[in-house]
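> Sequences listed follow chains A and B, in order.
Start counting the first sequence at 1; every next residue gets the next number (the numbering used here).
Start counting the second sequence at 191; every next residue gets the next number (the numbering used here).
Hint data in this document are derived by calculation from the structure and do not stem from the laboratory.
This one's a predicted model, so the numbers in the text were calculated from it and none came from an experiment.
Glycine included, each C-beta is placed from N, C-alpha and C at the ideal position.
Be aware that a few hints might be false.
[Unchecked claim] Only pairs whose alpha carbons sit at most 25 Å apart, straight line, appear in this in silico DSS-like list of lysine-lysine:
| id | chain 1 | residue 1 | chain 2 | residue 2 |
| --- | --- | --- | --- | --- |
| 1 | A | Lys117 | A | Lys166 |
| 2 | B | Lys194 | B | Lys479 |
| 3 | B | Lys194 | A | Lys167 |
| 4 | B | Lys207 | A | Lys166 |
| 5 | A | Lys116 | A | Lys185 |
| 6 | A | Lys166 | B | Lys435 |
| 7 | A | Lys33 | B | Lys479 |
| 8 | A | Lys166 | A | Lys33 |
[Said to hold, decoys possible] Residues from chain B shown here face chain A by an in silico Cβ test under 8 Å; the list is partial:
| id | residue |
| --- | --- |
| 9 | Gly381 |
| 10 | Tyr383 |
| 11 | Ala385 |
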Amino acid sequence: MEQVTEIRWHARGGQGAVTAAKMTAEVALSQDKYFQAFPEYGPERSGAPIVAFTRLSDQPIQVYSAIEHPNYVLVLDPTLLDVVDVTAGTGDGAVIIINSEESYDSIAGRPDMTGKKVYTVPATKIALETIKRAIPNTPLIGALAQVSGLFPLDGIVDEVRTSMSKKFSEEVVNANLEAVKRGYKEVSGE
Amino acid sequence: MARKAITGNGAVALALKQVEPDVMSAYPITPQTEIAQNYAQYVADGDVVTEYIPVESEHSAMSAAIGSAAAGARTITATSSQGFALMWEMLFIAASLRLPITMPVVTRALSGPINIHCDHSDSMGGRDCGWIQIYGEDAQEGYDNAIQAFRIAEHMDVRLPVMTMIDGFIISGAIGPLETLADDQVKEFVGDYQAVNPLLDTENPVTVGPFDGLHGWYFEHKVSQNRAMDNAMGVIETVGAEYGKLTGRPYSHFVAHRLEDAEVALVAIGSAAGNAKTVVDQLRRQGQKVGLLKVRTFRPFPARQIAEALAGVQVVGVMDRSDSFGAEGGPLFTELRSALYDSQPRPQMLNFIYGLGGRDIFPGDIEEAVALLERAAAGEAVAQSRHYLNLRED
Numbered sequence: 001m002e003q004v005t006e007i008r009w010h011a012r013g014g015q016g017a018v019t020a021a022k023m024t025a026e027v028a029l030s031q032d033k034y035f036q037a038f039p040e041y042g043p044e045r046s047g048a049p050i051v052a053f054t055r056l057s058d059q060p061i062q063v064y065s066a067i068e069h070p071n072y073v074l075v076l077d078p079t080l081l082d083v084v085d086v087t088a089g090t091g092d093g094a095v096i097i098i099n100s101e102e103s104y105d106s107i108a109g110r111p112d113m114t115g116k117k118v119y120t121v122p123a124t125k126i127a128l129e130t131i132k133r134a135i136p137n138t139p140l141i142g143a144l145a146q147v148s149g150l151f152p153l154d155g156i157v158d159e160v161r162t163s164m165s166k167k168f169s170e171e172v173v174n175a176n177l178e179a180v181k182r183g184y185k186e187v188s189g190e
Numbered sequence: 191m192a193r194k195a196i197t198g199n200g201a202v203a204l205a206l207k208q209v210e211p212d213v214m215s216a217y218p219i220t221p222q223t224e225i226a227q228n229y230a231q232y233v234a235d236g237d238v239v240t241e242y243i244p245v246e247s248e249h250s251a252m253s254a255a256i257g258s259a260a261a262g263a264r265t266i267t268a269t270s271s272q273g274f275a276l277m278w279e280m281l282f283i284a285a286s287l288r289l290p291i292t293m294p295v296v297t298r299a300l301s302g303p304i305n306i307h308c309d310h311s312d313s314m315g316g317r318d319c320g321w322i323q324i325y326g327e328d329a330q331e332g333y334d335n336a337i338q339a340f341r342i343a344e345h346m347d348v349r350l351p352v353m354t355m356i357d358g359f360i361i362s363g364a365i366g367p368l369e370t371l372a373d374d375q376v377k378e379f380v381g382d383y384q385a386v387n388p389l390l391d392t393e394n395p396v397t398v399g400p401f402d403g404l405h406g407w408y409f410e411h412k413v414s415q416n417r418a419m420d421n422a423m424g425v426i427e428t429v430g431a432e433y434g435k436l437t438g439r440p441y442s443h444f445v446a447h448r449l450e451d452a453e454v455a456l457v458a459i460g461s462a463a464g465n466a467k468t469v470v471d472q473l474r475r476q477g478q479k480v481g482l483l484k485v486r487t488f489r490p491f492p493a494r495q496i497a498e499a500l501a502g503v504q505v506v507g508v509m510d511r512s513d514s515f516g517a518e519g520g521p522l523f524t525e526l527r528s529a530l531y532d533s534q535p536r537p538q539m540l541n542f543i544y545g546l547g548g549r550d551i552f553p554g555d556i557e558e559a560v561a562l563l564e565r566a567a568a569g570e571a572v573a574q575s576r577h578y579l580n581l582r583e584d
């Protein structure tokens, strides 16, 4: 199981975590990787804390339980930091990427993350400036690509363009592509 | 062959779309799954010419399917959980009328307490209703089994309804990779439908479902159903092998994984078999002689073949995702213990109940089960056969 990359997404209902988990799976598909994406099933209420998971591997994945020890944790809403233990189950060196305009050391009430690699990206700000809605998922996918090196930026750009072009106008697609690229560029930390 | 990212529900609905049966009757409200919703969308979009009958209950869904199949149409429905329970009495009638209806079942818990998550209480509860039961591990197997179901059900030596299972949410709601066939490949594999004694053949009128009392043929009729099950045993293998030629994914009644020199072995069904395989591979790398048998066909139950595959294993641990209250163990366990009774030497059998109401089954839980099997194999007395994995004990 060493070769499986495990990602956990923390968000509030409505912030697009399940979509992000799904988009990451579709990027993996386009890269000929194996993948799994699933939410923690429960009542889906807008604003309530939710969790979603993505597994990625070069080999078929045959574990279907929830992810216990994620390599990457993406926090779509920084107000979750004192509500949910986002580091639960993570080992030393786990990567935590948080949607925040501030550096991690400036976030009030931040939990101790000694031993973790912590990054922040102003994903909501980017989303408001590009897609004009406070849905921070696409900038976070860009940030994940930058920090993890799991996919090339071009791979994500191509996939987002292909999948979104079927349903959305060119303007919306371009705004999302811009959001991905800015997330990739503007993530900082470590 | 194309590859796509899709949920288990989406994969099964796609398989049904590619077959494009004549009629689908389905209850369109929860506990129904997205399989019925997606298929309704295909109908609404004009992608298929299937007659779609939205009915007012699952009892009616199965009743309408029976009427449709008796009339001579290739017929499907889909269900899950409480819906399966509500179909109950009509399931027996579909089987006894020898109607080759196929039905994907997304396995989920039965109330109460109210719970919508995965376990096998629904389908395992229906194991004696006369339907062929085939369980899949992931979305790919859900897709592949849904296609093969038509060939098995409609085979002239079988003519029994077939239900194909995928695990609720764990597979039905998760996005994974799926290799798909082209529509014409699926249609060619399944072939044209041949109705037997259809009601709509007015030149040859028949009576369907009459009274057959004390001095009638009820008993012989039941025996004929069981003979059809016997025939299904071979047909399932033939169809699975033919499907393998088409896709590179052959199917049989079960998958034996690293059993050849295994001292202990797990038997699992559904998605947990994947978790167990991953653990077995890991323990094998550490030199432990452990194997896995993944059950695919539960009805008819391939008892003899399973006993052969497990020959020489000292301790067998059977994993059940449903319980059988007051019985000696879960449904898979009692089936396995019966199958292995004549084995020489007879293995010790332990039962692991897990995952009820969607409780997760982690690799660590399975490692714990294997550790107990190994202790039993080493001679430690394990008093009881029934154990629970990931149970919260006060």
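> So, against the hints stated earlier in the document, which numbers end up violated here?
Going through the list in order, the structure violates hints 1, 2, 6, 7, 9, 10, 11 and respects the others.
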